[in-house]
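K.L.:
Each chain, written out:
There are 2 protein chains.
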Amino acid sequence: MASIPGFWAVVPAGGAGTRLWPLSRAAHPKFLLDLTGTGRTLLQGTVDRLTPLTDERVLVVTGTAHADAVRAQLPGLLSDQVLAEPSPRDSMAAIGLAAAVVERRDPEAVIGSFAADHLIPDAGAFADVIREAAEVAHDGHLVTIGIEPTSPATGFGYIRTGEPLPRARTARRVLQFVEKPDAELAARYVASGEYRWNAGMFVVRAALLLDLLERWHPDLARGLREVAADPSRLADVWPGLTRIAIDHAVAEPAADAGRVVVVPASFGWDDVGDFGSLATLLPPDDGAVDLRVLGDRADVTSLDTSGLVVAAGGRRVAVVGLDDVVVVDTPDAVLVTTRARAQDVKGVVDELTASGRGDLV
Amino acid sequence: MASIPGFWAVVPAGGAGTRLWPLSRAAHPKFLLDLTGTGRTLLQGTVDRLTPLTDERVLVVTGTAHADAVRAQLPGLLSDQVLAEPSPRDSMAAIGLAAAVVERRDPEAVIGSFAADHLIPDAGAFADVIREAAEVAHDGHLVTIGIEPTSPATGFGYIRTGEPLPRARTARRVLQFVEKPDAELAARYVASGEYRWNAGMFVVRAALLLDLLERWHPDLARGLREVAADPSRLADVWPGLTRIAIDHAVAEPAADAGRVVVVPASFGWDDVGDFGSLATLLPPDDGAVDLRVLGDRADVTSLDTSGLVVAAGGRRVAVVGLDDVVVVDTPDAVLVTTRARAQDVKGVVDELTASGRGDLV
Chain A
1 MASIPGFWAV
11 VPAGGAGTRL
21 WPLSRAAHPK
31 FLLDLTGTGR
41 TLLQGTVDRL
51 TPLTDERVLV
61 VTGTAHADAV
71 RAQLPGLLSD
81 QVLAEPSPRD
91 SMAAIGLAAA
101 VVERRDPEAV
111 IGSFAADHLI
121 PDAGAFADVI
131 REAAEVAHDG
141 HLVTIGIEPT
151 SPATGFGYIR
161 TGEPLPRART
171 ARRVLQFVEK
181 PDAELAARYV
191 ASGEYRWNAG
201 MFVVRAALLL
211 DLLERWHPDL
221 ARGLREVAAD
231 PSRLADVWPG
241 LTRIAIDHAV
251 AEPAADAGRV
261 VVVPASFGWD
271 DVGDFGSLAT
281 LLPPDDGAVD
291 LRVLGDRADV
301 TSLDTSGLVV
311 AAGGRRVAVV
321 GLDDVVVVDT
331 PDAVLVTTRA
341 RAQDVKGVVD
351 ELTASGRGDL
361 V
Chain B
1001 MASIPGFWAV
1011 VPAGGAGTRL
1021 WPLSRAAHPK
1031 FLLDLTGTGR
1041 TLLQGTVDRL
1051 TPLTDERVLV
1061 VTGTAHADAV
1071 RAQLPGLLSD
1081 QVLAEPSPRD
1091 SMAAIGLAAA
1101 VVERRDPEAV
1111 IGSFAADHLI
1121 PDAGAFADVI
1131 REAAEVAHDG
1141 HLVTIGIEPT
1151 SPATGFGYIR
1161 TGEPLPRART
1171 ARRVLQFVEK
1181 PDAELAARYV
1191 ASGEYRWNAG
1201 MFVVRAALLL
1211 DLLERWHPDL
1221 ARGLREVAAD
1231 PSRLADVWPG
1241 LTRIAIDHAV
1251 AEPAADAGRV
1261 VVVPASFGWD
1271 DVGDFGSLAT
1281 LLPPDDGAVD
1291 LRVLGDRADV
1301 TSLDTSGLVV
1311 AAGGRRVAVV
1321 GLDDVVVVDT
1331 PDAVLVTTRA
1341 RAQDVKGVVD
1351 ELTASGRGDL
1361 V
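As given, the protein sequences belong to chains A and B, one line each in that order. Going by this note's numbering, the first sequence opens with residue 1, and the numbers climb by one from there. Going by this note's numbering, the second sequence opens with residue 1001, and the numbers climb by one from there.
None of these hints come from the bench; they were simulated from the model. There could be a bad hint or two in this list.
What the hints assert, rightly or not - Simulated pairs of lysine to aspartate or glutamate, EDC-like, Cα-Cα distance not exceeding 20 Å:
#1 A:346 x B:1299
#2 B:1346 x A:304
#3 A:346 x B:1304
Take the sequences, apply the hints, and build the full model.
P.N.:
Following this line, the structure appears as structure tokens:
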């Protein structure tokens, strides 16, 4: 597979993955976990997918607390390929810092930003889409990837697509980014054929991203370029940067200004948002009704049970007579819920935090 | 409370409590557990209940593997009050050995046999019933206790009662012991008013029990009396003794011969047969829908959950959105099931044993 000339991958590695507690913890979040039993973590899988497209031009942006773990998981990266944020300043600052670093090395470079904790099993189909996105981005567009919806999901934002872009293979104009819809609206979006899931991927020339940011948030753009020019300024500048998501800072206003393009994608994509979706990503268990197991199957005894068992505690897990159950065993905490209630695991984390047990979070 | 002159309590402490796995293990069975959070184990509770009735004339019969644990839990007992069986020979040998030991100390003594792993919260009501039973037994009857059924349970045998015994306060003839019925038959038993639950308690003169045994199983009776006369014969004689339950060996044939009497009892009684029944024996949790917790409530986080959580692993247990669930956390195994499927926990133990994981059983 040939790399894309002048293309850099930016991987923001953040987010606690609260809904995957107790597997995901603040100190060891979702992107550091192997959630598919393949032996590669979500972060490693993301970088594996991007390395051939970039000839190893990959930058990972993460919190200082996780920089050592990220470097340990990615021994192929040089030290300056992992950018450590002194404090969380949301996705615009993280991606923008990487863009500013890339811009100094290659003013014509195109960057693609891809979250460290998503799953895309078909690396080949992903590469085809990114290749087109990089071409379109090179021509001066802010490009996003629009995933073909396989259900009227309410957990994602949607992209409303417009006319095909002249001379492009599949790219179309973006009319609008829309927030997570309710179930009725999501069904209408999917039925219309005009909407796609927003997977939060952006492909754009590094300099254009910063120039667009300069238009709407000039202080933020200047701060990021200042740090890229003189990394010793990081500790002084960073705390003053505006906390804002890239969607609000640039993507939405740029869409309103007609500057955003979408490349449609039909590859499988999952943000592994909770244990309910994790269950669908694992292979079915031999013999059992429909039980998925992450961890050592030999640690699990099940009778008449469907759902998901995560055996990560080194202990015996026995489940009898429950449908669509979720059991997650770890050394210091065990979670029991159902696939339908998997989103509410966040409530457990909230309650632990509120009751002074932040050590378990 | 006055003791009953010449009355001895015999407490067979055996049985694995398989349906309470992973709390109950072969090496640490049900009778050694505090299942009510009171700080006293089932064995201790049983002896606590019997001590005032007997002036400490209590004999516990248990396997050699558990003799040390029994003595440790009952420091008030003298060493010769714990009889250790070299191997399991079922309830007739266990109770019969104690009867033979008592018979030698007091040929007129009445013994009462009470399992070490049942719960009877009202010790006063229990004492009243046993007092009458001991009087009737002194007159030469084999006396059993008939618990007033509170539901058409299918997990117990039943006692069919006959005419009142002349001059007795409440005792009646036993017409028949009947095996565990199916649900339809159990409902008919309860509706008739003629049947009572067989709690496996027997009150009888020690010498009469052995004389009745002599009639139907002469070798067994002789062997037990031989060991009582010369304890050094235990290791030689014990392995040859017939394995048989006291119900089949003596109680059923004696009932057919018109020799058995029942004292009705209306005190609360539970054999804590599985986690479903354990849930009903614990106090409801403050605030939660109907969640019972055994262990440290502070270890449990629950949202919209009813059922039972046993927090015995020293870890956080979080449960979200399950009704009538059973979660049992221990240091090396966690069980998840429902109250309705609690009986099927035995299947887990069977599977672990069959798959060579007897170390977990």
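K.L.:
Work down the list of hints and note, for each, if the structure agrees.
P.N.:
Outcome of the hint check:
no. : hint           : verdict
1   : A:346 x B:1299 : holds (18 Å)
2   : B:1346 x A:304 : holds (14 Å)
3   : A:346 x B:1304 : holds (14 Å)
Violation of the numbered hints given earlier is absent; every hint is satisfied by the structure.
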